[in-house]
Each structure stands twice: as structure tokens, then as C-alpha cells.
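Visitor: Both chains are given apart, each in its own frame, so use the hints to dock them into the complex.
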Amino acid sequence: MSTSEPARNSGLARLPEADRLAILGRLRDLVARPSARGYVMVAPPFAYALLLLAAPLAMIVAFSFWTQDYLTIDRTFTLANYRAAWTDPLYRLLMLRSLAISGVVTLGTILLAFPIAYYVSFRVPQERKALWIFLITIPFWTSYLLRVFLWKVILGYQGVLNTGLIELGIIEEPLRFILYNANAVVITLIHAWAPFAILPIFVALERIDRSLLEAAEDLGDGPIERFRRITLPLALPGVLAAALIVFIPTIGDYVTPQLVGGKDGLMIANMIQVQFGKANNWPLGAALAISAMTMVASISLVLVWLSRRVGPRQAG
Amino acid sequence: MRKHGWLGVYAVAYLVFLYAPVLLLPLFAFNDGTIIAFPLKGFSTRWFEELWQTAAVHRAVENSLYVGLATAVISTTLGIFAARAGARYAFPGKRGILGFIMLPLVLPEIIIATSLLVVLVQLGFGLSLGLVVLGHVLLCLPFSISILNASFQGFDRNLEEASQDLGESALMTFWRVTLPLVTPGIIASLLISFTISLDEFIIAFFLTGTEPTLPVYIWSQLRFTAKLPSMMALGFLLLLFSLVLLVTAEYFRRRSRARASGGDPSGGMM
Chain P
1 MSTSEPARNS GLARLPEADR LAILGRLRDL VARPSARGYV MVAPPFAYAL
51 LLLAAPLAMI VAFSFWTQDY LTIDRTFTLA NYRAAWTDPL YRLLMLRSLA
101 ISGVVTLGTI LLAFPIAYYV SFRVPQERKA LWIFLITIPF WTSYLLRVFL
151 WKVILGYQGV LNTGLIELGI IEEPLRFILY NANAVVITLI HAWAPFAILP
201 IFVALERIDR SLLEAAEDLG DGPIERFRRI TLPLALPGVL AAALIVFIPT
251 IGDYVTPQLV GGKDGLMIAN MIQVQFGKAN NWPLGAALAI SAMTMVASIS
301 LVLVWLSRRV GPRQAG
Chain Z
317 MRKHGWLGVY AVAYLVFLYA PVLLLPLFAF NDGTIIAFPL KGFSTRWFEE
367 LWQTAAVHRA VENSLYVGLA TAVISTTLGI FAARAGARYA FPGKRGILGF
417 IMLPLVLPEI IIATSLLVVL VQLGFGLSLG LVVLGHVLLC LPFSISILNA
467 SFQGFDRNLE EASQDLGESA LMTFWRVTLP LVTPGIIASL LISFTISLDE
517 FIIAFFLTGT EPTLPVYIWS QLRFTAKLPS MMALGFLLLL FSLVLLVTAE
567 YFRRRSRARA SGGDPSGGMM
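Those protein sequence lines, which keep their order, are chains P and Z.
Once you know that position 207 of the first sequence is 207 in our numbering, the rest is easy, because the numbers rise by one and skip nothing.
Basically our numbering = 1-based index in the second sequence + 316.
Chain Z extracted, bound-state conformation (with noise of 0.2 Å):
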């Protein structure tokens, strides 16, 4: 018992580490004080104000949300026939190929990032908001494939036989059967693309142009003491913006695996 109460109170400082960068946002986003330290100065709520009548936070956050949307979509287009695949058929080299697809999840995405401008402006594109997306899709796609898998993997494919039987098409099939009892991986995948697309900033760095992601704004305002303040109000709302996106995704991602498990794959036909 004294070992589990040594593990426990390890646990909980453990969570105070973890939580302690994040404890702070709130505290200085409504602190009335225009530097971020301690002691606080009172209640206010002027840096959200401030966030609210700056124009570049506007900018920056529609520029987000379009690189955020389409690289949710694009990637989870892909994702699904990946996973589609990944889980259905057999294939030499399957192994090899699914791996290559995965790779930028272990890459230092300083690596993807460069590789990228250097290709992208030899061939003549100037820097500019879709590259980023071009990117945050190769970022995202493991991800993606991953949620994917699980809904996927499980599934009864009786369900898809019996449809073709009834005198469905292949694509038809794919339409009517499989993608409706894929969909909560589907928005699991799109939700997750999009918050990962949301936060990063390597990428975004280097290959945006004129017009910059939010975490781009941010970077640029970081050097500025006056402005972190309402840094600090915009990443508690980021956060809050996140958390609903996560929840979101995680009760989908789990209605998709009960679906998925809830046929037997075993049984039917076999």
C-alpha cells in the first residue's frame, strides 16, 4: 500500500509540472497588469478587448482557420484511403509504403519544413498561405491514418458483401455502407487535422508569405513587451477552442470504435 501511496503523490506532482505553464495563461490573460509577472494586479478583461479591435488578430485567425479547414479535409481524404488499404487488402511493399506515408511523424520538422521551401520555390511558387497547407497535410496524414485505421480495421465486412449481393455497386457500396459506419473516425480524423494544423509553426514559418497563421502573429508579437498580455488572452482562447475541438473528437473517435467493434468480424459467413 505505501508503494502505491509513494506512485500517487509522484502522479500528482507530475500533473502540477505538466499543468503549470498551462495554470498561468488564465491568470496573466485576465491579469490587470501590462507585464507578465507576479504579484497580479486585479481582474480585467481589457486584453481580450484589445485582441478583439487589433485588425492582424482577425486576419491571422481567418488565415488560420482556412489553412486549418483545408488541410483537415485534404488529409483526411487521404487518410481514408490509406487506412481503406491498410485494412482491406494485401499487397507487397504494403509495409513499406504505409511506413513511408507515416515517416513525418518522427521527422524533426525542421527537415520537412526546409526540404519543402527548397523544393516549392524552385519550381516557382511564391510563398503564400497554400504551401503551408501543402505541408500541414503531410504533418497531419499519419494522424489521420492512424484514427482511421481503428474504424477501418474493425468493422464487419459482411455488411459490404451483403450490400454487393443486393446488387450495389462497388462505389455504391462505399457510399451507402462503409462510409456511413466510418463517419465518427472521419470527423475524429478532421477535428484532430484541424487543431494540429491550428498550433503549428515551423512549417508555417518558414513557408508562409505575406499573410501569417496565427502561430506566425503570435511569434511575431512575442518580441514585444507590451503585446503578451493579449498573447496571453488569445492563447487562453485557443485553448479553450482546442479543448472543445478534443472533446469533440475523442467522444466521435470512441463512437467509431464501439461501431467498429460492434459487429463481430468473425462471425456471419465464417
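Chain P on its own, in the form it takes in the complex (with noise of 0.2 Å):
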């Protein structure tokens, strides 16, 4: 081996000949199989992960157990920002404010988005779903934050369905009751998040084996038992992943509460974004950041974990 091979600063080099391809080969064996290969392959999207999801995340947790003064740091350990986010009275009234929104969002859009989905599934021809999917989903790639402000073109008080039903004859007088309040937050995510509920519930109902539905009529089951019975507790699982694909982002919504909301409709995320920009207290909008989260992901593991005892029961 000549002396200026750069491998002879390397610990391998000093090994004697037989004992270093014995490493290498063992290296090279490593490396060929197919879980390791696996491995190399996943690991640039993976460390991208890990550097931009992980470590921020790992980040603001951090951020809410310090102090900010101005502009600097304090980085000695304190409770005093989880106090503040779970006592203080609007940061509480806040919080229950947006659970309550995204649980009644959730509700509205899955009871709305089930017959569309039944209907797509079990009614329209084989050759026209992917259509009516299609037909589903396009209103959702206009600019989200024009939908949500078309809304509000919708709802005010000279707007779109206010002067359509007095010209109607159906009321006198303008509803005040569906812009600037929790209502209108609710309606517009409702409408948002459609999709995203029809979506997996298809999928869930398109798995049926129709035969099933055969066997329960013939065993004398009328359409609303067999619904029951048969095609419910089987769609379940696309109505679990609808809720939670619904229930988790909608907590963190900045956009809706903030045009259509007014003072009674706003929200946790609108208050995490004074933290982060106007007050400048970023431990604060951390600390209110993780609260919401923990709760979003508690609530959310306790429907997984009653859907699981729900599930086998019913199917069984």
C-alpha cells in the first residue's frame, strides 16, 4: 500500500489486509441488503423530516418553557407561559372557543359529506364517480383565502343570501346573525373542509363487498337495518379518518376567524399570532401552540381509541 493513499489515515488502514476486507465485505453485505438499501433510500426525505419538522417542533417546545424580554432570550426553565395559556380567562375562553368550533365542524361536515359520498358510492354509475369526485373537488383549488372572503360576500348584512331572501319574501329584516360570529366561522369551515370528509368516507364505502349488502337483504334486513347494520359500521373507518383529518388542522385556523369571525368568533391560532408578531412573545404563542395541539392530539387518540372498541363490536 503506498503512503499516499488517503485511506492510510484512517483507522481501517492500520488493520491488517485479511481483517480489513473482511470488514469491508461485511460492510458491503450490509449495505446490499434490501433493508439497508431501504434505508439509504428513505433517508433524504427522512432527514428532511427530522431536520424541519423534528427539530422545530422539538424547538417551540423548548421556546415554551423559556422567557422573552424584547428581544432576548431567558433560557431558565419555567411553567409560567402554561400557566398563563390554561388560567389566564381569554386564553381559556379562546381555547374552549376553538374546540368547541373545530367539534362542531367536524360534526357538520361529516353528517353533511356522508349522503354525498352514499350517494357517489352506491348511485351514480360506475364510469361517472371518478367525474362527480372531480366535480367535488374543484371548487377547492380557487385561492382559500378569496373562499373565505367570498364568504363573507355571502353572509353580511347587504350580502348575497340576505338581499336574496328578502327579495324572496322569506324575512324583512337582514340576518345579523351569520356574519362576525362563531356562526359564520363554523359555516365557512364546514365548506372548507368538504372535501376532505367526502373523500375518505368514498374510499371507506367504496371498499364494501356489495355481496354483503345482498346477504343481509336476503336474510330480510330492510334498508335501514342493512344500513345499520352492514354498510355504517363498515364505512366507520372512513368516517373516523374524515373526522380527524378535519378535527386536527381546523383548531389551527388563522384565515377564517380572522375575516369572518369579528371580536366573538376569533380564535386560538389568531391569538398565537398576535404572540408571534404584535406582542412579541414568542414562549407565549409556543406555549399556547403546544396546549392546543396536546389537546387536539388527546381528543384525537380517545376517538381512535373508541372507534377501536367500537369497531369489532359492531362488526362482529
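Treat each hint with caution, since some may be false.
30 Å max Cα-Cα, derived DSS-like pairs, lysine-lysine [unchecked claim]: (1) Z:543 with P:263; (2) Z:543 with P:278; (3) P:152 with P:278; (4) P:263 with P:278; (5) P:152 with Z:357; (6) P:152 with Z:543; (7) Z:543 with Z:357; (8) P:152 with P:263.
Taking beta-carbon pairs under 8 Å as the criterion, some of the chain Z residues facing chain P (in silico) [to be verified]: (9) 336; (10) 394; (11) 417; (12) 517; (13) 559; (14) 566.
What follows is a list of derived Cβ distance ranges for each label pair [what the hints assert, rightly or not]: (15) Z:485 with P:71: 46 to 56 Å; (16) P:79 with Z:355: 57 to 67 Å; (17) Z:375 with P:127: 39 to 49 Å; (18) Z:571 with P:47: 30 to 40 Å; (19) P:47 with Z:485: 23 to 33 Å; (20) Z:393 with P:264: 40 to 50 Å; (21) Z:410 with P:90: 39 to 49 Å; (22) P:71 with Z:393: 31 to 41 Å; (23) Z:488 with P:279: 25 to 35 Å; (24) Z:333 with P:172: 21 to 31 Å; (25) P:74 with Z:496: 54 to 64 Å; (26) P:22 with Z:571: 48 to 58 Å.
What the hints contain is simulated information worked out from the structure, not anything from laboratory work.
Think of the CB as a built atom: it goes at the ideal place given N, C-alpha and C, for glycine as much as any other residue.
Guide: In C-alpha cells:
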């Protein structure tokens, strides 16, 4: 081995030839193993997620235990931010309201979405299903901001809905309870999340073996019994997925409450933004964000746990 | 039959609900009035002309194109790795690793935005469009992976084996056999990531510095009543643009599925 080789400096080079070959051979086998190749393949996206998702999430958790004085961060451990987040009446109000709005939105979205998913899966002919799904998703590729803003146009005092209803003679005075409050936020969000509920439920319904329905009918079940005993339990995984997909992100919605919520419809994300912006209290903002996250995560886990318990019993 | 009828009526009513805001967009974009309210005043294209003459709109469009293109390319590249690993290899911890990469799908965007803001500012980065790209990739990656999974999962592995038997290296096999087969999936992933990035607001709102993306620009204009009609025009153009992208993406996604199922995975050597 010539002295100019860079390998000379590594520990490997100092080993006897036979050992070196054995180690290199082992390494090659290791790398050539399918599982190792799998790791190599998944490494770039995983590293990206670690660096830009895991590390930031860890950082924001750390931040929630620190304090900020204008621009300097005091890194002494403190629970003061969480104390504020959980006891301050304003934060508590915003948190509970956010949970309530998310809950109502989740329920409303699913109740409205289920019949349409059912219709497309069971009533629309096979060759036109894709078209229906496409039709359902098109409106959601408009700018999210403008979609929310247009709800303001629809629900406003002199909005499309009020002028329309007055024109038709259904009401005499414009309705005031539909804009700049929690109702407006709920209506707008139920609209915004519709496809995210329809798609998983549709997929679950599509997977139902149609012969099961015939079997139920042959055994004397009426349409309602059949729906309750076969369709609904088998659609449950889709419904649960829809619930989680709608419930979790909704709690963090910023745009909708800001545009149509008025003073009484603001949610926790608006306060988080204030803390990261004007108030310049990042640790408190972090504590609010973590608290909101923890709450939705726990509620979601309970939901999953409940569905696991309910699922097999109904299916069995 | 009666039940069918009721469900059908419901389906149509639901579609009206879904389309209500979107249908208003062209109405006000072409309306010759300065306020966003009925009754309409008559047909006009002046809001489009106003858009065309506003330099800030051009800047925002350029910024969004830059962010969208960069996001699409990075997200699709990373997505290829993940989808390939998921479809081709078994390794301990696979579900956990892939699940973690898919996590942004269910995380509230404000959590992603604030945590990125905290970490990147601590590291000394100034707010910029580059940071927006980093955040958007995180958000788009799960979509890229789902689309690419479909392409990678189905296709005939024997084609790759044949190529290697004929003496091609692993890299050349990927380049000459695998890649062409999954190209439709790649195009679909590029288009979908671009579209998502183009419309994303929260992450851009937190991470963009002085250069706004389109949604951040629109947000800043929504406060001014006088600007609203031209924002409707902008929204209408964006809708048309997104639709073209999506129809194209859908076309390629179907082709990728057709190709994937074209080769019988259980046939051949098995």
C-alpha cells in the first residue's frame, strides 16, 4: 500500500489486510441488504423531516418553557407560559371556543358529507364516479383566502344571502347572526373542509363488498337495518379518518376567524399569531400552540381508541 | 326509487353549496362596479387591466412562481426516494419513518409555520422566500409521496430485473427503466405540489420577508375596499390557472395508474 493513499490515515488502513477485507465485505453485505437499501432510499426525505419538522417542533417545545424580554430569550426553565395559557380567562375562552368550533365543524362536515359520499358510491354509475369526485374537488382549488372572503360576501348584512332572502320575501330584516361571529366561522369551515371529509368516507364506502348488502337483504333486513348493520360499521374507518383530518387542522385555522369571525369568533390561532407578531412574546405563543396541539391530539387518541372498541363489536 | 330521488336532490343542493363562493368570483371579477355587492352593474374588464398595470402584482406572481417551482422540484425529488423505499423495500421502522414524513398532512399549519419561524430565526436566517420553500416542501411532501406511491407500487419489477440481467448498473436501470415508467406520476406530483404551494398562505405569511407571495399579497389587499374588485379578478385568473394544472395532473395520474397496472405484477418469473 503506498503512503500517498488517503486511506492510510483512517483506522481501517492500520488493520491487517485480512481483517480489512473482512470488514469491508461485511459492510458491503450490509449495504447490499434490501433493508439497508431501504434505509438509504428513505434517508433523504427522513432527514428533511427530522431537520425541518422534528427539530423545529422540539425547539418550539423548548421555547414554551423559556421567557422573552423584548428581543432577548431567557433560557431558564419556567412553567409561567403554561400557567398563563391555562388560567388566563381570555386564553381559556379562546381555547375552549376553538375546541367547540372544531368539534361542531367536524360533526357538521361529516353529517353533510356522508350522504354525498354515499350517493356517489352507491347511486352514481361506475363510469361517472370519477367525474363526480372531480366536480366535488374543483371549488377547493380557488384561492383559500378568496373563498373565505367570498363567504363574507354571501353572509354579510347586505350580502347575497340576505338580499336574496328579502327578495324572495322569506325574511323582512337582514339576518345579523350569520356574519362576524362563531356561526360564520362554522359555516365557512364546513365548506372549506368538505372534500377532506367526502373523500375518505367515499373510499371506505367503495371498499364495502356489495354481496354483504345482498346477504343482509336475503336474510330479511330492510334498507334501514341493512344500513345500520352493514354499511355504517364498515364505513366507520373512513368516517374516523374524515373526523381526524377535519378536526385536527381546524383548531389551528387563522384565516377564517380573522376574516369572518368578528370579535366573538376569534380562535386560538389568532392569539398565537398575535404572540408571534405584535405582542412579540414567542414563548407564550409557543405554549399556546403546544397546549392546543396537545388537546386535539388527546381528543383524537380518545376518538381512535373509542372506534377500536366500537368497531369490532359492531362488525362481529 | 324515491330514496334515490331524495339523495339526488341532496347531492345537487350540496354541489350548489360547494360552488356558491366560486361562482361569485367571475361575477364580481367582470362586474363594472367598485363594491362587491348585488345588484351587478354591467360587464367590464377594467379590473383585469388594473391588475395588469400594478407592479406589485407582477412581483407577487414572480415570487409565487419561484416558490412553487422550487417546492415542486424538491418535494417531488424527496417524494421519489420515499415512495421508492416504501414500495420496494422492507425494513424495520418503515411505517414509523414514513408515517412521520406524512405527519404535516394532519398538523395544523400554524404549528408548522411557528415552529419553523422559531428555529430558522434562532439559526440566524433572515425571513425570505427560501424559507417559504422549505416550509412548503414539508407540506407538499405527503401529497407527492401518495401520488408517487401509486406509480411505484404497481409496476412490474421483472422489467428492472431484466435490465440488470442484461448488464445495466442499478443507477442506469433506474434511469432507463424505472424513471420512464413513473414519469406520469412524477409530472402529477410536480403539478400538485406547485398548485398547493401557489395557494398556501399561513406558512408564507409567517416566513416571507419583504417579498410577498400571491396569497400574502392578496391578504394585504383585502383590507382596502377599493382593491377588492381587482382581487376578485386575480382570484378568477388563479382559479383558471389551477384548473388547467389540475386537469393536466389528473391526466398524468391516470396514465401513471394505467401504466402501473399494465404490467402484471404477479406474472413472469413468479
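Visitor: Now, for every hint given, state plainly whether the structure supports it.
Guide: Taking the hints in turn, this is what the structure says about them:
Distance restraint check for residue 543 of chain Z and residue 263 of chain P: the Cα-Cα separation of roughly 24 Å lies within the 30 Å cut-off, and the hinted pair is therefore satisfied. Restraint check for residue 543 of chain Z and residue 278 of chain P: the C-alpha separation of about 25 Å stays at or below 30 Å, so the hint holds. A threshold of 30 Å between alpha carbons decides the hint, and for residue 152 of chain P with residue 278 of chain P the separation of about 25 Å falls inside it, so the pair holds. Restraint check: the Cα-Cα separation between residue 263 of chain P and residue 278 of chain P comes to about 18 Å, which is no more than 30 Å; the hinted pair holds.
For the hint linking residue 152 of chain P to residue 357 of chain Z, the alpha-carbon distance of about 20 Å falls within 30 Å, and the restraint holds. Restraint check for residue 152 of chain P and residue 543 of chain Z: satisfied, since their Cα atoms lie roughly 16 Å apart, inside the 30 Å limit. Simply put, residue 543 of chain Z and residue 357 of chain Z have alpha-carbon atoms about 17 Å apart, close enough for the 30 Å limit, and the pair holds. Only pairs whose Cα atoms come within 30 Å are accepted, and residue 152 of chain P paired with residue 263 of chain P is accepted, the gap being roughly 15 Å.
A distance limit of 8 Å between C-beta atoms decides the matter here; for residue 336 of chain Z the minimum to chain P is near 6 Å, and the interface restraint holds. Interface hint at residue 394 of chain Z: satisfied, since its Cβ lies 4 Å from the closest Cβ of chain P, which is below the 8 Å cut-off. Because the smallest distance between the Cβ of residue 417 of chain Z and any Cβ of chain P comes to about 5 Å, under 8 Å, the interface hint for this residue holds. A cut of 8 Å between beta carbons decides the hint on residue 517 of chain Z: the least distance to chain P is about 6 Å, and the hint holds.
Evaluation of the residue 559 of chain Z hint against chain P yields a held restraint, the C-beta minimum of about 7 Å falling below 8 Å. The interface hint given for residue 566 of chain Z holds, since its Cβ lies 7 Å from the closest Cβ of chain P, which is under the 8 Å cut-off. One distance hint, 46 to 56 Å for the beta-carbon pair residue 485 of chain Z and residue 71 of chain P, holds here, with the actual separation near 55 Å. Remark: the range hint 57 to 67 Å for residue 79 of chain P to residue 355 of chain Z is upheld by a beta-carbon distance near 58 Å.
Between residue 375 of chain Z and residue 127 of chain P the CB atoms are about 46 Å apart, so this pair conforms to the stated range of 39 to 49 Å. Separation of residue 571 of chain Z from residue 47 of chain P is about 31 Å and conforms to the stated range, judged on CB atoms against 30 to 40 Å. At roughly 25 Å, the beta-carbon separation of residue 47 of chain P and residue 485 of chain Z lies within the given 23 to 33 Å, and the hint holds. For the pair residue 393 of chain Z and residue 264 of chain P, the beta carbons lie near 46 Å from each other, so the given range of 40 to 50 Å is met.
Take residue 410 of chain Z and residue 90 of chain P: their Cβ atoms lie about 45 Å apart, and the range 39 to 49 Å holds. As the Cβ distance of residue 71 of chain P to residue 393 of chain Z is approximately 37 Å, the hint placing it in 31 to 41 Å holds. One distance hint, 25 to 35 Å for the beta-carbon pair residue 488 of chain Z and residue 279 of chain P, is violated here, with the actual separation near 57 Å. Here the CB-CB span from residue 333 of chain Z to residue 172 of chain P is close to 25 Å, well matched to the stated 21 to 31 Å.
The given range of 54 to 64 Å is respected by residue 74 of chain P and residue 496 of chain Z, whose C-beta atoms sit roughly 57 Å from each other. The hinted range of 48 to 58 Å is satisfied by residue 22 of chain P and residue 571 of chain Z, whose Cβ atoms lie roughly 49 Å apart.
Comparing the model with each numbered hint stated earlier shows that hint 23 is the single one that does not hold.
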